[in-house]
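2 protein chains.
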Amino acid sequence: MTEPVVGRRERKKAATRQAIADAALRLFLERGYDQVGIRDIADAADVSTTTLFKHFSGKEALVFDQEQDVDAGLVAAVRERVAGESVADALRRYVLAHWLPIAGHPQRAEFVALVDTTPALRAYYEQMWTRHTGTLGAAIAAELGRPADDLACLTLARFVLDIPALTSTRPDRRAAVETIFELLRDGWNERTG
Amino acid sequence: MTEPVVGRRERKKAATRQAIADAALRLFLERGYDQVGIRDIADAADVSTTTLFKHFSGKEALVFDQEQDVDAGLVAAVRERVAGESVADALRRYVLAHWLPIAGHPQRAEFVALVDTTPALRAYYEQMWTRHTGTLGAAIAAELGRPADDLACLTLARFVLDIPALTSTRPDRRAAVETIFELLRDGWNERTG
DNA sequence: ACACAAAGTTGACTCGTTGCACTTTTGGAT
DNA sequence: ATCCAAAAGTGCAACGAGTCAACTTTGTGT
Numbered sequence: 001m002t003e004p005v006v007g008r009r010e011r012k013k014a015a016t017r018q019a020i021a022d023a024a025l026r027l028f029l030e031r032g033y034d035q036v037g038i039r040d041i042a043d044a045a046d047v048s049t050t051t052l053f054k055h056f057s058g059k060e061a062l063v064f065d066q067e068q069d070v071d072a073g074l075v076a077a078v079r080e081r082v083a084g085e086s087v088a089d090a091l092r093r094y095v096l097a098h099w100l101p102i103a104g105h106p107q108r109a110e111f112v113a114l115v116d117t118t119p120a121l122r123a124y125y126e127q128m129w130t131r132h133t134g135t136l137g138a139a140i141a142a143e144l145g146r147p148a149d150d151l152a153c154l155t156l157a158r159f160v161l162d163i164p165a166l167t168s169t170r171p172d173r174r175a176a177v178e179t180i181f182e183l184l185r186d187g188w189n190e191r192t193g
Numbered sequence: 001m002t003e004p005v006v007g008r009r010e011r012k013k014a015a016t017r018q019a020i021a022d023a024a025l026r027l028f029l030e031r032g033y034d035q036v037g038i039r040d041i042a043d044a045a046d047v048s049t050t051t052l053f054k055h056f057s058g059k060e061a062l063v064f065d066q067e068q069d070v071d072a073g074l075v076a077a078v079r080e081r082v083a084g085e086s087v088a089d090a091l092r093r094y095v096l097a098h099w100l101p102i103a104g105h106p107q108r109a110e111f112v113a114l115v116d117t118t119p120a121l122r123a124y125y126e127q128m129w130t131r132h133t134g135t136l137g138a139a140i141a142a143e144l145g146r147p148a149d150d151l152a153c154l155t156l157a158r159f160v161l162d163i164p165a166l167t168s169t170r171p172d173r174r175a176a177v178e179t180i181f182e183l184l185r186d187g188w189n190e191r192t193g
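Chains A and B supply the protein sequences, listed in that same order.
Residues in the first sequence are numbered consecutively from 1, following UniProt numbering.
Residues in the second sequence are numbered consecutively from 1, following UniProt numbering.
FYI, nobody ran anything at the bench for these hints, they're computed from the structure.
Errors might be hidden in some of the hints.
As the list claims (entries may be wrong) - Once the Cα atoms are required to be at most 20 Å apart in a straight line, the calculated SDA-like pairs of lysine to any residue come out as:
1. Lys59/A with Glu30/A
2. Lys54/B with Ala15/B
3. Lys59/B with Ala120/A
4. Lys59/B with Pro119/A
5. Lys59/A with Pro147/B
6. Lys59/A with Leu121/A
7. Lys59/B with Tyr124/A
8. Lys59/B with Ala72/B
9. Lys59/B with Glu30/A
10. Lys59/A with Pro119/B
11. Lys59/B with Asp40/A
12. Lys12/B with Asp65/B
13. Lys59/A with Gly58/B
14. Lys59/A with Tyr124/B
15. Lys59/A with Asp46/B
16. Lys59/A with Lys54/B
17. Lys59/B with Gly58/A
Please construct the entire structure, taking both the sequences and the accompanying hints into account.
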């Protein structure tokens, strides 16, 4: 095994961060986002508010501590796709396999409910996705040997990243995802249902 | 001429609102968004901060006073399209005709620069667009005799509303818009440039 | 053992935004 | 003409998020 080179210092730092994130999520779920102040969280984690803000950029960031690397999975899905599979298909497979199950989890449900019912969090969450457009677009372009800022690739990336917003309120999320990917593959067709 | 039915009351209210918006835009352009406080604007317009917030929902809204009814034009374009024209074509025509020229205007340039260089304004602006997804999607669906929350229609609406974000940094914005509409019409094609 | 840097504390401060109690204005009904 | 209720505006105090500067504590490398 590789001995972790991290000393007590970094471990304590990570512990503090975790304590803050845990306290925040617990309080948010208990009382609701708007009913919890930064000072409440800081007190619960037994740190000062200044320390809290050295670990997290803002109140919203406390909620999304875990889901930082959204694009990593997408980029990997595009790069390590099976031979002959198109980029769009790889993305479709990844989305169906990784984005749908999350909503089913028991504890994830109340987390999703928290985000959905809090406008500030909805807004922050949506922006999280669109912020990854550049990364995913560049990855797609690289696979196809096009320039990193190729418009078509960026557009595909953006459209794929729109999927969560478009499907979140649908009764059958899987069918919704399929519908959107069909539209992406075949284009907008006025005459079919 | 049609005598304006508005009394002194509404006229004064409108004047106050305009004074606030003018003062705000002037100060923002002079010093930059973050260097201007709400109290500065209220003072410049000679009103109290309370009054200011009765006219505008927040600091960002002061900047976008003029471009409220984004969706009205889009909805009209879809509804009053020429016979036989597809919804997608109508949207393409409207976007090419109405969204492109704006960027060319002289004073509009520094306004755009202000928005582009201020993260808070960029975020607010992007959300303005996506907020119209429901309206435009419903309008498209109505034209095609589909349910108002038809997923394909909402998706098309969303994708069209993504266009400003995708094309704003492009050297040739017209070509960029055309490219995206081609992608929307024909679907994502891996093999063509 | 020592010195330096990173982590944390404290308290006051800025700034957007809201609430409350109050005055002024104005349109309409009597 | 007059009076009233609603709308518009004011002043001020407050709240919560986030920042700042000076200071203390705690690891770490030498």
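Structure-based check of each hint:
no. : hint                  : in the structure
1   : Lys59/A with Glu30/A  : 16 Å, holds
2   : Lys54/B with Ala15/B  : 14 Å, holds
3   : Lys59/B with Ala120/A : 16 Å, holds
4   : Lys59/B with Pro119/A : 17 Å, holds
5   : Lys59/A with Pro147/B : 38 Å, violated
6   : Lys59/A with Leu121/A : 10 Å, holds
7   : Lys59/B with Tyr124/A : 18 Å, holds
8   : Lys59/B with Ala72/B  : 24 Å, violated
9   : Lys59/B with Glu30/A  : 31 Å, violated
10  : Lys59/A with Pro119/B : 17 Å, holds
11  : Lys59/B with Asp40/A  : 27 Å, violated
12  : Lys12/B with Asp65/B  : 17 Å, holds
13  : Lys59/A with Gly58/B  : 19 Å, holds
14  : Lys59/A with Tyr124/B : 18 Å, holds
15  : Lys59/A with Asp46/B  : 34 Å, violated
16  : Lys59/A with Lys54/B  : 26 Å, violated
17  : Lys59/B with Gly58/A  : 19 Å, holds
Hints 5, 8, 9, 11, 15 and 16 from the list above are not met by this structure, while the remaining hints are.
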